[in-house]
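So the sequence lines, in the order shown, correspond to chains Y and G. For the first sequence, position 131 matches number 131 in our numbering, and the numbering has no gaps at all. Numbers in our numbering are just positions in the second sequence, counted from 1, shifted up by 1000.
Take the hints with a grain of salt, since some may be wrong.
Said to hold, decoys possible - Here are the simulated DSS-like cross-link-like pairs (lysine-lysine), alpha carbons at most 25 Å apart as the crow flies:
1) Y:K212 <-> G:K1297
2) Y:K148 <-> Y:K166
3) Y:K94 <-> G:K1072
4) Y:K65 <-> G:K1088
5) Y:K67 <-> G:K1297
Simulated from the structure, these hints should not be mistaken for laboratory data.
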Amino acid sequence: MKRIFLFILFSFFSIAAAKVRVVTTLADLADFTRQIGGNRVQVDFIVRGDQNPHFVEVKPSYMLKLKSADIFFMIGMELEMWAPQIIDGSRNTKLTVVDLSKNIRKMEVPGRVDASQGDVHRFGNPHYWLDPRNVRPMLEEMLAAISKVSPTDEPYFRANAAAYLKKLDGKIAAWENRMKPFAESRVITFHKSWPYFANWLRLVVADQVEPKPGIPPSPSHTAELIALVRQGGIKAIIVEPFYDASAAAQIARSTNAKVIRLTTSVGGVPQSGKDYITMMDYNIATLAATLR
Amino acid sequence: MQAGSKIWRTGWLMLALCGQHGLAQTSVNPDISVIPRFIIQTHDRAGKFSRPDYAFEELEIVMQAYLNPFSKADVVFTLPGPDLEESKLGIEELYASVVCGLPFGLNLRFGKYRVDYGKLNLAHPHAWPFVTQPLSQERFLGEEGLNDLGLSASVLLPTGNIYTKLTVDLLRGEAIGETTGIADTTGGQPAYANSARLTGFFTLTEHSDLEVGLSGYTGIHDPYQRRRFYYGNVDFKYKYRPSSYNSLVVQGEYLFNSRTAQQDRDFNPLLNAQGNPESRSIHSSGLYLYADYQFKKIYSLGGRYDWSQTPYSKDDKASAVTIFFGYYPVEETLGLRLHYQNTKPAAAESVNFVALQVLFSLGPHKAHPF
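For reference, chain Y alone in the conformation it holds in the complex (with noise of 0.2 Å):
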């Protein structure tokens, strides 16, 4: 009798202390959702800040991530292409795919969309989340699918959220007041990754070292990046973790531009730190100190 007392209060106590499982694609929205959900929420997330979220391999160790999830958090606007193969492979029925980009201002969607533009993503510029202002909407969505599973800890989840967005508002205006003497500097991106977190920094992106999104350095292109920093006093050249930057070093040679390591997600480089505000932090940092 005692040993069924026990088992049936242990039970109860599992369930009551039943965490959200959550899946994140980016690496970033695994640290919203862990400052959403404390210790109340269970996170993984797919990519590592170091890989190319645009292609990612279909790996079954994926698709049992996704298997016992409650939640799958993604970027969308095609930035996961790879990501139906993965949510179909986990059989998990039970599974809420959330779109963080359902409230988000698109930038640079295209009129009509083939091959010969490259890699262009149909519904606009995915790479929304490096605009720190987008993270209060994105945060909103996660947070009513946080609480939608969890609707006793709703109040926790809510009070986690506000306080994190009150940080980020005052890192925020940090960050915009360390780059206010570089507004309307040009700069030199790898991909067109950086639309986004240019337009918030009033930045301006001269051109991209790929001739068209996904489609790698040509020769002549190189030469015409060459001279168009030499004319316009260009100081950065931005390239991901993850590209190659054998074609940007060759600018910089060329040049008086430093080809500077930005990333796009947390994880991408060591001194990035294991989340969001940090990955920023290093970002303007590194930004500023090659454009002053």
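Assemble the complex: chain Y is given as a structure, and chain G must be docked to it using the hints.
Only chain G this time, still in chain Y's reference frame:
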């Protein structure tokens, strides 16, 4: 007049519907991909290479879409070469899959499809890093691979952090008849076949994974005598990918065949030393092993070793050594493969084969999983 007015009304109604749902229509259309392969090839005979032949190899048209929130359908049409104008479009695969909504995470598939048997059988030729099919696959499974009409069920087994999948198939049993058994089944009863595969996927490090598989296949190879054959298959695939610019794949399969036969595949009776017909137990096998190294994102270089007996003979052996090089200038939309193969049959001189394959992929054909 009434009929004419009815046609007009129907026409206007269709136009109105198209106008209203034009955008929605594009979203329910299936994904359509077109993947043709062309080849320039030559081989030697008595030390002299033949004149290089430029030929159309095959066209694959793939259509994929969800039928509803629970199921999907796939159709793969193929137009075989070399005669582009005379050849007929055939159906390589046509199946529907129930991907969610069933108890215990069960997935069902029915129709005609490439059977989940071994590792290479599921991959279409355009996804191979080389040009030719490994000898063991060709000899035991046939040129088209194990592709049959059937019903398939698969479940994920509860094995913790290891992804383990069990697939069981009930098949029509005609898939490999022409290659390894008696194709003419008119006098016999239906020759149903069964296949099963168990796979385990292990994440070794952050950058490397290993998949191992065990498969079995049994069917009737002699519909008159109701004689069965049994295949067993062990396979593995190791992949090391430190970045999106470099990767190493090592993959291999070993296939074992067991059957009792009174005739060989050409209906010739098997004879004993005295010249009398006899029933014979045949155990034979085949294997391939390849490594493919991708570098600078757009190049790949690899080698393959083949060794194989045949389903009806242990003595009919052949081996081959292959070197292949791939160039994919922009992702997988365009590819060039240079292939050299030296094949040594048991009782004949070795043959050298050189080919340059060009292929492109038009449309959103999804990446093949690990």
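Against the structure, the hints come out as follows:
1. A C-alpha spacing of about 17 Å is found between Y:K212 and G:K1297, which places the hinted pair at or below 25 Å, so the restraint holds.
2. Using a Cα cut-off of 25 Å, the hinted pair Y:K148 and Y:K166 holds, with the two alpha carbons roughly 23 Å apart.
3. Only pairs whose Cα atoms come within 25 Å are accepted, and Y:K94 paired with G:K1072 is accepted, the gap being roughly 18 Å.
4. Between the alpha carbons of Y:K65 and G:K1088 the distance comes to roughly 44 Å, so the proposed pair goes past 25 Å and is violated.
5. In summary, the hint linking Y:K67 to G:K1297 is not supported, as the alpha carbons are separated by about 32 Å, beyond the 25 Å threshold.
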